[in-house]
Amino acid sequence: MACLQKSFTVRTESHQQVVDISAQVAAVVAEAGITTGLCLVFVPHATAAITVNENADPNIGVDFLRALKKMVIEHDDWLHDRVDNNAAAHIKAALIGPSETLPISNGRLALGTWQDIFVCEFDGPRTRREVSVTVWG
Amino acid sequence: MACLQKSFTVRTESHQQVVDISAQVAAVVAEAGITTGLCLVFVPHATAAITVNENADPNIGVDFLRALKKMVIEHDDWLHDRVDNNAAAHIKAALIGPSETLPISNGRLALGTWQDIFVCEFDGPRTRREVSVTVWG
Amino acid sequence: MACLQKSFTVRTESHQQVVDISAQVAAVVAEAGITTGLCLVFVPHATAAITVNENADPNIGVDFLRALKKMVIEHDDWLHDRVDNNAAAHIKAALIGPSETLPISNGRLALGTWQDIFVCEFDGPRTRREVSVTVWG
Numbered sequence: 003m004a005c006l007q008k009s010f011t012v013r014t015e016s017h018q019q020v021v022d023i024s025a026q027v028a029a030v031v032a033e034a035g036i037t038t039g040l041c042l043v044f045v046p047h048a049t050a051a052i053t054v055n056e057n058a059d060p061n062i063g064v065d066f067l068r069a070l071k072k073m074v075i076e077h078d079d080w081l082h083d084r085v086d087n088n089a090a091a092h093i094k095a096a097l098i099g100p101s102e103t104l105p106i107s108n109g110r111l112a113l114g115t116w117q118d119i120f121v122c123e124f125d126g127p128r129t130r131r132e133v134s135v136t137v138w139g
Numbered sequence: 003m004a005c006l007q008k009s010f011t012v013r014t015e016s017h018q019q020v021v022d023i024s025a026q027v028a029a030v031v032a033e034a035g036i037t038t039g040l041c042l043v044f045v046p047h048a049t050a051a052i053t054v055n056e057n058a059d060p061n062i063g064v065d066f067l068r069a070l071k072k073m074v075i076e077h078d079d080w081l082h083d084r085v086d087n088n089a090a091a092h093i094k095a096a097l098i099g100p101s102e103t104l105p106i107s108n109g110r111l112a113l114g115t116w117q118d119i120f121v122c123e124f125d126g127p128r129t130r131r132e133v134s135v136t137v138w139g
Numbered sequence: 003m004a005c006l007q008k009s010f011t012v013r014t015e016s017h018q019q020v021v022d023i024s025a026q027v028a029a030v031v032a033e034a035g036i037t038t039g040l041c042l043v044f045v046p047h048a049t050a051a052i053t054v055n056e057n058a059d060p061n062i063g064v065d066f067l068r069a070l071k072k073m074v075i076e077h078d079d080w081l082h083d084r085v086d087n088n089a090a091a092h093i094k095a096a097l098i099g100p101s102e103t104l105p106i107s108n109g110r111l112a113l114g115t116w117q118d119i120f121v122c123e124f125d126g127p128r129t130r131r132e133v134s135v136t137v138w139g
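Protein chains in written order, with my numbering: chain A, 3 to 139; chain B, 3 to 139; chain C, 3 to 139.
Check before you lean on any hint, since a few could be wrong.
Claimed, not checked - Heads up, incomplete: computed chain C residues facing chain A, CB under 10 Å, no partners named:
{"hint": "1", "residue": "Glu15"}
{"hint": "2", "residue": "Leu42"}
{"hint": "3", "residue": "Val54"}
{"hint": "4", "residue": "Asn55"}
{"hint": "5", "residue": "Ile62"}
{"hint": "6", "residue": "Gly63"}
{"hint": "7", "residue": "Val64"}
{"hint": "8", "residue": "Asp65"}
{"hint": "9", "residue": "Ala69"}
{"hint": "10", "residue": "Lys72"}
{"hint": "11", "residue": "Leu97"}
{"hint": "12", "residue": "Pro105"}
{"hint": "13", "residue": "Leu113"}
{"hint": "14", "residue": "Phe120"}
{"hint": "15", "residue": "Gly139"}
What the hints assert, rightly or not - Ranges between beta-carbon positions, derived for each pair:
{"hint": "16", "chain 1": "B", "residue 1": "Thr115", "chain 2": "C", "residue 2": "His17", "range": "28 to 36 Å"}
{"hint": "17", "chain 1": "A", "residue 1": "Thr129", "chain 2": "C", "residue 2": "Asn87", "range": "42 to 50 Å"}
{"hint": "18", "chain 1": "C", "residue 1": "Ala32", "chain 2": "B", "residue 2": "Arg110", "range": "22 to 30 Å"}
{"hint": "19", "chain 1": "C", "residue 1": "Ala25", "chain 2": "A", "residue 2": "Ala58", "range": "42 to 50 Å"}
{"hint": "20", "chain 1": "C", "residue 1": "Glu33", "chain 2": "B", "residue 2": "Gly109", "range": "21 to 29 Å"}
{"hint": "21", "chain 1": "A", "residue 1": "Ser9", "chain 2": "C", "residue 2": "Ala58", "range": "20 to 28 Å"}
Said to hold, decoys possible - Away from chain B, derived, C-beta distances all over 12 Å, residues of chain A:
{"hint": "22", "residue": "His17"}
{"hint": "23", "residue": "Ala28"}
{"hint": "24", "residue": "Glu33"}
{"hint": "25", "residue": "Asp118"}
{"hint": "26", "residue": "Gly126"}
{"hint": "27", "residue": "Glu132"}
Think of the hints as simulated: they come from the structure by calculation, not from any bench.
A virtual CB, placed ideally from N, CA and C, is assigned to each residue, including glycine.
Just chain A, same shape as in the assembly (with noise of 0.2 Å):
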């Protein structure tokens, strides 16, 4: 078994957005030089998350996170609006998970056509989102 763990930063522009980062995820698989195998992308953070969609039409991303908005509304007597303000942030990223794991076949990320990672920021502006990729096989 081979294992590579590498770590990149994202830097976000608005209060909520979804940001494709498949370039960089793909770049540490090539890296990794495995045939056969997975790969885990995670954000260490409590108000970002991960998920897979297609970038195709950007407006996916517009979409869910408009239907983000309306499952969770902002500063709704939220508790810990009081301490920090960003209770909606927590509760859509406990929502969506801070990971996704992914299949690895013939050295590269084993993606459906329509298929990028998303980075989802629910806090934003933020100068470095950090996401940590680690692949085996």
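Got chain A sorted already, so can you dock chains B and C onto it with the hints?
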């Protein structure tokens, strides 16, 4: 470490549906012949997802799809509907996620008594939904 | 590669509750004695789930459970309520998912400063919720 990666396809019959794939995933785990390890179940699609829940009462799947329809309203002025008219399916797929990772113990998936593995179809019917299973340990 | 799989149980006190299991998971990682790798945290239950978020303010868990109650209304004519009267718990468990996979770096879980690991109880109280931890690297 042994690692086995196999795919199979699922046909869906309805616009929205959960399909129990527990037996097909268990067959890949049995073929791998490993004692302790992990199993990644992944769909390479942006309008389908993987989740785990009870199928002893198949109405749980029906309730789950109905709950998602209430959370993500179809054709609610989503921007992606102008392109493909299936934005709600993409949003649900991003919310549930394309994979689950499950433990293997004593040569078998260590699922609970009331846990089955589902492909969630959000934009069917489709003749071929692919499921990728990676087992290692 | 080293692989260690261990289980522990959690008692829940309320109908819906998040329980911080970060210390128990960290103890399994420490026992495994690996430097770089991954950790799968899994509940073999269909009315409980695993998520990751901040516990420095325990009200985040309270807010998270309240948000889920708004998304998935209890006894909203769910079909499974006719069998077991706990359909909302199943729906929430399917939505959040039974597992999280986390990176290990420098012999420790590479969680962020504001990340803790939670078991989400949606149908308690229960005397025994099992948590399975698989570490490899």
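The hints, checked one at a time:
Annotation: Glu15 (chain C) was flagged as interfacial toward chain A, and the flag is violated, the nearest CB pair being 19 Å apart, outside 10 Å. For Leu42 (chain C), the interface hint holds, since its Cβ comes within 10 Å of a Cβ in chain A; the closest pair sits about 9 Å apart. Checking Val54 (chain C) against chain A: minimum C-beta separation of about 5 Å stays under 10 Å; hint holds. For Asn55 (chain C), the interface hint holds, the least distance from its beta-carbon to any beta-carbon of chain A being 4 Å, beneath 10 Å.
Of the supplied interface hints, the one on Ile62 (chain C) holds, with its beta-carbon coming within about 5 Å of a beta-carbon of chain A, less than 10 Å. Taking 10 Å as the C-beta cut-off, the interface hint given for Gly63 (chain C) holds, the closest approach to chain A being about 9 Å. Proximity of Val64 (chain C) to chain A holds as hinted, the smallest CB-CB distance being about 6 Å (cut-off 10 Å). The interface hint given for Asp65 (chain C) is met, as the beta carbon of that residue sits about 4 Å from the closest beta carbon of chain A, less than 10 Å.
The restraint placing Ala69 (chain C) at the interface with chain A holds, with a minimum CB-CB distance near 5 Å, inside the 10 Å limit. Given hint, Lys72 (chain C) at the interface with chain A, holds; its Cβ is 8 Å from that chain's nearest Cβ, closer than 10 Å. Satisfaction of the interface hint for Leu97 (chain C) is found here, the shortest Cβ-Cβ separation to chain A being roughly 7 Å, below the 10 Å cut-off. The beta carbon of Pro105 (chain C) comes within 5 Å of a beta carbon in chain A, closer than 10 Å, and the hint placing it at the interface holds.
Hint status for Leu113 (chain C) relative to chain A: holds, with the closest Cβ pair at about 6 Å, below 10 Å. With its C-beta approaching chain A no nearer than about 8 Å, Phe120 (chain C) sits inside the 10 Å limit, and its interface hint holds. Below 10 Å, beta-carbon pairs count as interface contacts, and Gly139 (chain C) has one with chain A at about 6 Å; its hint therefore holds. Distance hint check for Thr115 (chain B) and His17 (chain C): the Cβ-Cβ separation is about 21 Å, which falls outside the suggested range of 28 to 36 Å.
At about 49 Å, the beta-carbon gap between Thr129 (chain A) and Asn87 (chain C) stays in the expected band of 42 to 50 Å. Judged by the Cβ atoms, the range 22 to 30 Å given for Ala32 (chain C) and Arg110 (chain B) holds: they are separated by roughly 28 Å. At roughly 43 Å, the beta carbons of Ala25 (chain C) and Ala58 (chain A) sit within the given window of 42 to 50 Å. For Glu33 (chain C) paired with Gly109 (chain B), a C-beta distance near 23 Å keeps the hint of 21 to 29 Å intact.
In this structure the hint that Ser9 (chain A) and Ala58 (chain C) lie 20 to 28 Å apart at CB holds, the actual value being about 23 Å. With a least beta-carbon separation of about 18 Å from chain B, His17 (chain A) lies farther than 12 Å from that chain, consistent with its non-interface assignment. Residue placement check: Ala28 (chain A) keeps its beta carbon more than 12 Å from all beta carbons of chain B (closest about 15 Å). For Glu33 (chain A), the shortest C-beta to C-beta distance to chain B comes to about 19 Å, beyond the 12 Å cut-off, and the non-interface label holds.
Against chain B, the non-interface label of Asp118 (chain A) is violated: not every CB pair exceeds 12 Å, the least being about 9 Å. At the 12 Å boundary, the C-beta of Gly126 (chain A) stays outside the reach of chain B, the nearest C-beta of that chain being 18 Å off. Every CB of chain B lies more than 12 Å from the CB of Glu132 (chain A), the least distance being 21 Å, so the non-interface label holds.
The structure fails to meet hints 1, 16 and 25 from the earlier list, while all remaining hints are met.
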